[in-house]
Amino acid sequence: MPPIWESRQGDTLSTLMARNIGAGPMGERWTGLGKALLDQASLGGGSYSQSVLLSSTATQGNSDVQAVLRDQLHRFASQRVDLSLTTQSGARIELHLAANADGIAVDFKLAQGTLDDDDRAALSAMGDAFEQALKGLAAQPPTLDLDGLMHLDQQHLTAIDLNATLGDDLQVQLHADATQRSVSATSAAGTMKVAVDATSEAITGSAQQRQRAIASYLQQFDAATRRGHGDAALADLFKDAFAQLHGGSTTPTRPGELSAPALVADLNDRRMLSGLADFTASITGASAAPNPLRRDEVDGFDYQVSQHTNLSGARQADRSIVQQAQARLKASYHQSLQADLPLRLGTDRQSQNYTYHQIDDQADSRLEIGYRLGYMTQARLQQSASQDSRVSKYVLGQLVSQSHTPLQAQIVRDFAAQLQDGKEARAADGAYRRSRLLDGISALGLLQADPDQVRRNGTQLLND
1 MPPIWESRQG DTLSTLMARN IGAGPMGERW TGLGKALLDQ ASLGGGSYSQ SVLLSSTATQ
61 GNSDVQAVLR DQLHRFASQR VDLSLTTQSG ARIELHLAAN ADGIAVDFKL AQGTLDDDDR
121 AALSAMGDAF EQALKGLAAQ PPTLDLDGLM HLDQQHLTAI DLNATLGDDL QVQLHADATQ
181 RSVSATSAAG TMKVAVDATS EAITGSAQQR QRAIASYLQQ FDAATRRGHG DAALADLFKD
241 AFAQLHGGST TPTRPGELSA PALVADLNDR RMLSGLADFT ASITGASAAP NPLRRDEVDG
301 FDYQVSQHTN LSGARQADRS IVQQAQARLK ASYHQSLQAD LPLRLGTDRQ SQNYTYHQID
361 DQADSRLEIG YRLGYMTQAR LQQSASQDSR VSKYVLGQLV SQSHTPLQAQ IVRDFAAQLQ
421 DGKEARAADG AYRRSRLLDG ISALGLLQAD PDQVRRNGTQ LLND
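Those letters in the sequence shown? Residues 1 to 464, by the UniProt record's numbering.
No lab work stands behind these hints, which were simulated from the structure alone.
Please read all numbers here as calculations on a predicted model, not as lab measurements.
Incorrect hints may have been included.
[Unchecked claim] Computed spacing ranges between beta-carbons, pair by pair:
| id | residue 1 | residue 2 | range |
| --- | --- | --- | --- |
| 1 | Pro290 | Asp82 | 50 to 56 angstroms |
| 2 | Ser351 | Arg455 | 37 to 43 angstroms |
| 3 | Asp128 | Gln304 | 53 to 59 angstroms |
| 4 | Arg455 | Asp296 | 31 to 37 angstroms |
| 5 | Ile21 | Asp168 | 20 to 26 angstroms |
| 6 | Asp82 | Ala18 | 41 to 47 angstroms |
| 7 | Ser306 | Ser63 | 54 to 60 angstroms |
| 8 | Lys109 | Thr57 | 24 to 30 angstroms |
| 9 | Ile21 | Gly167 | 14 to 20 angstroms |
| 10 | Ala18 | Arg344 | 56 to 62 angstroms |
| 11 | Leu407 | Ser312 | 50 to 56 angstroms |
| 12 | Ser306 | Ala18 | 47 to 53 angstroms |
| 13 | Thr57 | Gln304 | 28 to 34 angstroms |
Using N, Cα and C, we set each Cβ at its ideal position, and we do this for glycine too.
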């Protein structure tokens, strides 16, 4: 059947759409279109719209039917990505890509202001990043590859927003501006969100330090997902978002845009901190009550984690820095008594053989750094973790046992004397030894949800 086009063909976008309309998997229908659409927008012009329909309804219908199908494709397609970019000059451009089983549609419009030469160059430069993001979203299963979009160039762009709808399975939102970067996702399994405070990037460490912290947090997320029986696919998206929001280079500040702050964390301070910008992050699973005989037994998963840093003091030489990271896991789930027998809870007693688990875990890590007249007076780490597990066992619907397992640990370590005595500076390899000590404090202070690891942190020796 012949394709039905919205307007005359001949440009790069139409050529790509003609190629992609015959693609098998739905995800391949966007191939190349993200970069091409931004390239088209960078050429100027107030708007652009193109679509191609390939269905018997479109082919056999008259122009009115085709117009309705075209409008539905643009506005209500099952697969849709909307991108909005705001430039430093105040212009805002909105781009849309849509696809379903019947066709492909793309459009953009200049919603506000006018584009200057720098704006057009900035739009074109985002093409590869947008294309990579589309490739990840179109994958099966979908992945997040948003790093290029999240770390926007503040020399030319002030804000970016992306909204993606992938059928009934997944919705993804991204926002980035000078103050915050965030990614959220919603699926049938639940919701997740990660938000990073872009104004706190003055406390971030080196790329190596950030990668160490990211790896540690990803291990924490995996452990929480396993312990609370969270959804693995949603957790993977959560980890992708967290790593990409923190992993890229810090966003450059526009020259002359901000005055120098009165208080700053110097290089040694940052070496002791986590290395990450402040953030909040969460995963909330969809709740369910699968047991018709005990509706009060609700399956659920809720994980919250954050880091906040505060700098205070009358002047730089008398500054205080407090960085605190916290995590909380509350989860509950049912499990079959036989690992090889799927749990199918019903109203008959024979189906009521299971354990019901309730998890309540908390973790906290707090690093306090203080100076008086330029001399360090405090470098104190407080760390705690608690794990609380309750298990009820049912056989043929009768409660046969209950267990409660609380675990907890707390440590306090003070490194001020070790940093004050100057031993490292007097040694031949003093600079190296001090660097190792600062790195060790940073690694030791990373959030730990395992009480056993917290205890080990309490006795771990750092080089002196």
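Hints versus structure:
One distance hint, 50 to 56 angstroms for the beta-carbon pair Pro290 and Asp82, is violated here, with the actual separation near 36 angstroms. Between Ser351 and Arg455, the C-beta spacing of about 42 angstroms keeps the proposed range 37 to 43 angstroms intact. At about 35 angstroms, the beta-carbon gap between Asp128 and Gln304 misses the expected band of 53 to 59 angstroms. A hinted range of 31 to 37 angstroms for the beta carbons of Arg455 and Asp296 is consistent with their spacing of about 36 angstroms.
At about 23 angstroms, the beta-carbon gap between Ile21 and Asp168 stays in the expected band of 20 to 26 angstroms. In this structure the supplied range 41 to 47 angstroms is violated for Asp82 paired with Ala18, their Cβ-Cβ distance being about 23 angstroms. Distance hint check: the CB atoms of Ser306 and Ser63 are about 56 angstroms apart, consistent with the given range 54 to 60 angstroms. Roughly 28 angstroms separates the CB atoms of Lys109 and Thr57, a value that falls within the hinted 24 to 30 angstroms.
Judged by the Cβ atoms, the range 14 to 20 angstroms given for Ile21 and Gly167 holds: they are separated by roughly 19 angstroms. Taken as a hint, the range 56 to 62 angstroms is violated for the pair Ala18 and Arg344, whose Cβ atoms sit roughly 50 angstroms apart. In this structure the supplied range 50 to 56 angstroms is violated for Leu407 paired with Ser312, their Cβ-Cβ distance being about 35 angstroms. Between Ser306 and Ala18 the C-beta distance comes to about 49 angstroms, which sits within the given range of 47 to 53 angstroms.
In this structure the supplied range 28 to 34 angstroms is violated for Thr57 paired with Gln304, their Cβ-Cβ distance being about 48 angstroms.
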